[in-house]
Amino acid sequence: MFASLAPASLPGPSGPTCGAPSDGAPSDGARTGGVWADGLDDAQAAVAAHGDGPLVVLAGAGTGKTRALVARVAHLLSRGVPPERVLLLTFTRRAAEEMLWRASQLAGLDGRRRPFGGTFHAVAHRIVSAHSEVLGLPKGFGVLTPGEGADLMEIMRADFELSGTRTRAPRSATLVEVYSRCVNTRRPLSDVLAGDYPWCRPHQEAVGELFRAYTARKRAQGLLDYDDLLLYWDALLGDPAVGRHLSEAYEHVLVDEYQDLNPLQAEIVCRLAPRGRGLTVVGDEAQAVYGFRGASARHLREAVLGFPGALALRLERNFRSRQQVLDVANALRPGEAAASVTLYADRGPGQRPLLVRCADAVAEARALVDNVLAAHEAGERLNDQAVLVRASHHSDLIELELSARGVPYRKYGGLRFLETAHVKDFIAAGRLLSNPHDELSWYRLLRLHDGVGPTRARRLVAHAMAATDALEDWPSMVASADPPVRGPLSSTLALLAQARTCAAPGPAAEALVATLAPLIALRYPGQPTRTKDLQRLAGSARTATDLRSWLAELALDPPESTGDLAGPPVLDEDYVVISTIHSAKGLEWGTVHVPHMVDGFMPIDMALGSAEGVEEEQRLLYVAVTRARDRLYLYTPLRMHYHRRALDDRHGFAPESRFLTDDVRRLFEVHETGRGPLGPGAVTTEPGHRVAVDLDHLWC
DNA sequence: GGTAACTGGGTTTTT
DNA sequence: CCCAGTTACC
11 MFASLAPASL
21 PGPSGPTCGA
31 PSDGAPSDGA
41 RTGGVWADGL
51 DDAQAAVAAH
61 GDGPLVVLAG
71 AGTGKTRALV
81 ARVAHLLSRG
91 VPPERVLLLT
101 FTRRAAEEML
111 WRASQLAGLD
121 GRRRPFGGTF
131 HAVAHRIVSA
141 HSEVLGLPKG
151 FGVLTPGEGA
161 DLMEIMRADF
171 ELSGTRTRAP
181 RSATLVEVYS
191 RCVNTRRPLS
201 DVLAGDYPWC
211 RPHQEAVGEL
221 FRAYTARKRA
231 QGLLDYDDLL
241 LYWDALLGDP
251 AVGRHLSEAY
261 EHVLVDEYQD
271 LNPLQAEIVC
281 RLAPRGRGLT
291 VVGDEAQAVY
301 GFRGASARHL
311 REAVLGFPGA
321 LALRLERNFR
331 SRQQVLDVAN
341 ALRPGEAAAS
351 VTLYADRGPG
361 QRPLLVRCAD
371 AVAEARALVD
381 NVLAAHEAGE
391 RLNDQAVLVR
401 ASHHSDLIEL
411 ELSARGVPYR
421 KYGGLRFLET
431 AHVKDFIAAG
441 RLLSNPHDEL
451 SWYRLLRLHD
461 GVGPTRARRL
471 VAHAMAATDA
481 LEDWPSMVAS
491 ADPPVRGPLS
501 STLALLAQAR
511 TCAAPGPAAE
521 ALVATLAPLI
531 ALRYPGQPTR
541 TKDLQRLAGS
551 ARTATDLRSW
561 LAELALDPPE
571 STGDLAGPPV
581 LDEDYVVIST
591 IHSAKGLEWG
601 TVHVPHMVDG
611 FMPIDMALGS
621 AEGVEEEQRL
631 LYVAVTRARD
641 RLYLYTPLRM
651 HYHRRALDDR
661 HGFAPESRFL
671 TDDVRRLFEV
681 HETGRGPLGP
691 GAVTTEPGHR
701 VAVDLDHLWC
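Adding 10 to a residue's 1-based position in the first sequence gives its number in the numbering used here.
Each computed DSS-like pair below joins lysine-lysine, with the alpha-carbon atoms no more than 25 Å apart:
1. Lys149 / Lys434
2. Lys434 / Lys228
3. Lys434 / Lys542
4. Lys228 / Lys149
Since the hints were derived computationally from the structure, they do not count as laboratory data.
Put together the whole structure using the sequences plus the hints.
Below, the structure is given as structure tokens:
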């Protein structure tokens with residue numbers, strides 16, 4: 011019951027349109043001026059028809075920016091710009107594909123000649139792959155998933171005195187964060203530690219050495235992590251011999267969600283489009299929610315000011331939401347950004363948003379599901395209703411309540427497919443087929459066997475590293491193992507060696523599943539589901555050209571649920587969507603429910619340490635609110651049953667979210683629901699009034 | 001020596 | 001629910 015932005019939730023040639031962005035089409039007066047301009051309003055048309063100078067589009071939520079961008083691409087194509095000279099960088103790969111597909115349709119191109127586009131990382135992968143030789147990379151380098159990067163960090167941590175418990179040492183997850191932040195913000199380790207991880211500073215030297223070793227090891231094994239992809243792309247662009255050629259390959263570069271760019275990505279863009287020539291950037295400062303990943307809306311502001319002759323256009327007419335929803339959004343819009351874009355509705359006033367006050371989280375779940383079902387009764391498909399949460403576990407009780415009352419739902423975000431143990435095992439095994447010197451994968455695969463713990467795994471890995479091809483020569487590998495583990499090991503390795511002889515990726519992947527299934531059955535609970543997951547995954551390998559590139563694609567664009575692999579969606583399947591607010595970006599629903607409007611949850615306690623943290627939380631709420639077309643529900647439980655006390659003590663919280671100021675609250679209709687903390691029928695009395703209780707009359 | 005099984009403490013957001 | 005530390009077994 012987990013999922014993420016499934017293809018079904020995006021518009022396209024097929025599938026339901028739930029959660030899909032509305033078209034952003036003006037409701038009045040279609041325009042003339044070429045097929046690309048059909049149905050655009052003036053502001054959108056100006057975006058589409060702009061020439062070659064730098065263009066910055068400040069596009070509020072729901073203002074039809076996708077439509078404008080699609081029209082712009084179509085306009086460029088119809089003007090004679092060859093498709094392959096247009097590059098579109100977006101936040102998700104699906105957004106890119108959808109936009110490029112629509113643009114090619116609009117421009118009347120056949121599907122085979124399409125502009126190039128995708129996420130920064132996906133595009134980086136394509137470009138780095140094409141230039142692996144000059145970068146000194148093996149031809150088929152592997153792409154490390156973030157989880158694998160953390161595993162590698164974890165293994166190496168011990169060697170750098172960072173795993174003891176004498177003093178608090180950074181965990182592998184923290185190390186990965188720090189590493190990534192250094193790369194993406196282009197700041198030295200000392201800076202990042204001092205600014206963002208002060209408690210790690212005593213370990214600075216060890217961390218630095220660990221990072222050096224981590225880099226060296228990746229390089230030695232032909233592995234690139236997400237950060238490396240950007241770093242290598244940037245290096246190519248900065249190279250005197252290749253750089254110019256690479257950036258001149260594109261006449262036009264369009265970048266979506268520019269407020270979420272980090273410094274490394276911003277540098278890449280600058281190198282792709284020197285002085286902003288042929289550059290279009292689209293963004294909304296009020297929707298900047300990736301500060302934790304090193305992103306900064308500074309780049310959007312600098313784009314407006316920094317490129318010579320840049321034209322800034324605003325999209326403020328909102329085609330998605332009713333005015334009363336937008337009133338809330340405008341009230342929540344952080345101060346500085348409020349000056350730049352104020353939304354007004356194209357669709358009339360609509361219903362007043364509802365603020366639902368409940369006793370606690372249990373009552374909240376009950377009230378929320380009541381409202382979901384009431385809306386459903388009134389004709390709103392479950393598909394067109396979403397529960398948007400700050401952190402994945404905030405929906406725990408709601409999920410329970412939905413299940414108990416038989417309401418189907420799908421959860422997006424949260425635990426990711428690629429992070430589940432059995433999928434990691436599968437990927438490790440797959441990697442070994444093409445690279446028998448992949449230490450990390452060996453380690454993972456070996457640990458899967460009964461009787462193989464850290465020590466034996468290490469010894470066996472050492473053997474594999476010393477061998478020319480440990481998979482080819484698996485009998486000697488088995489011979490080097492301790493007697494008790496030889497049996498299971500030899501059967502796995504024999505099967506694996508055999509899997510390698512499969513020429514096509516499909517059969518190879520299936521052979522891998524067959525090899526792993528028994529091991530996984532022994533190791534983890536929930537066997538049938540896990541094997542089915544892997545079989546589905548293997549099924550998707552059939553269309554790939556080779557196993558290695560299939561694995562790299564998988565690392566970059568993972569199916570976020572088994573649902574993604576299940577084939578075309580069933581049309582009448584109707585379910586409520588539960589999503590993190592981050593994953594909900596760019597989507598919309600008729601009805602949006604936002605639970606846990608309590609300080610410590612929204613805003614989340616982790617973010618309260620700094621003013622910037624709180625501001626980002628506010629923008630996140632802004633994003634959540636602007637997902638709603640017609641009905642918006644915010645829920646404030648008055649008591650949270652866990653760790654409220656600790657939070658109160660530390661931060662002196664008000665009971666409800668600090669974002670529900672009087673100005674914001676005024677925009678809502680307030681509902682009290684269920685029993686308050688005082689129980690039903692509680693009476694407020696004059697101070698000093700006492701009720702007499704006769705405890706003795708029975709004993710007279 | 002090495003691994004498995006048990007127990008207790010902490011849990012954001014994602015390309 | 002996942003990770004680290006502890007203890008009990010081979």
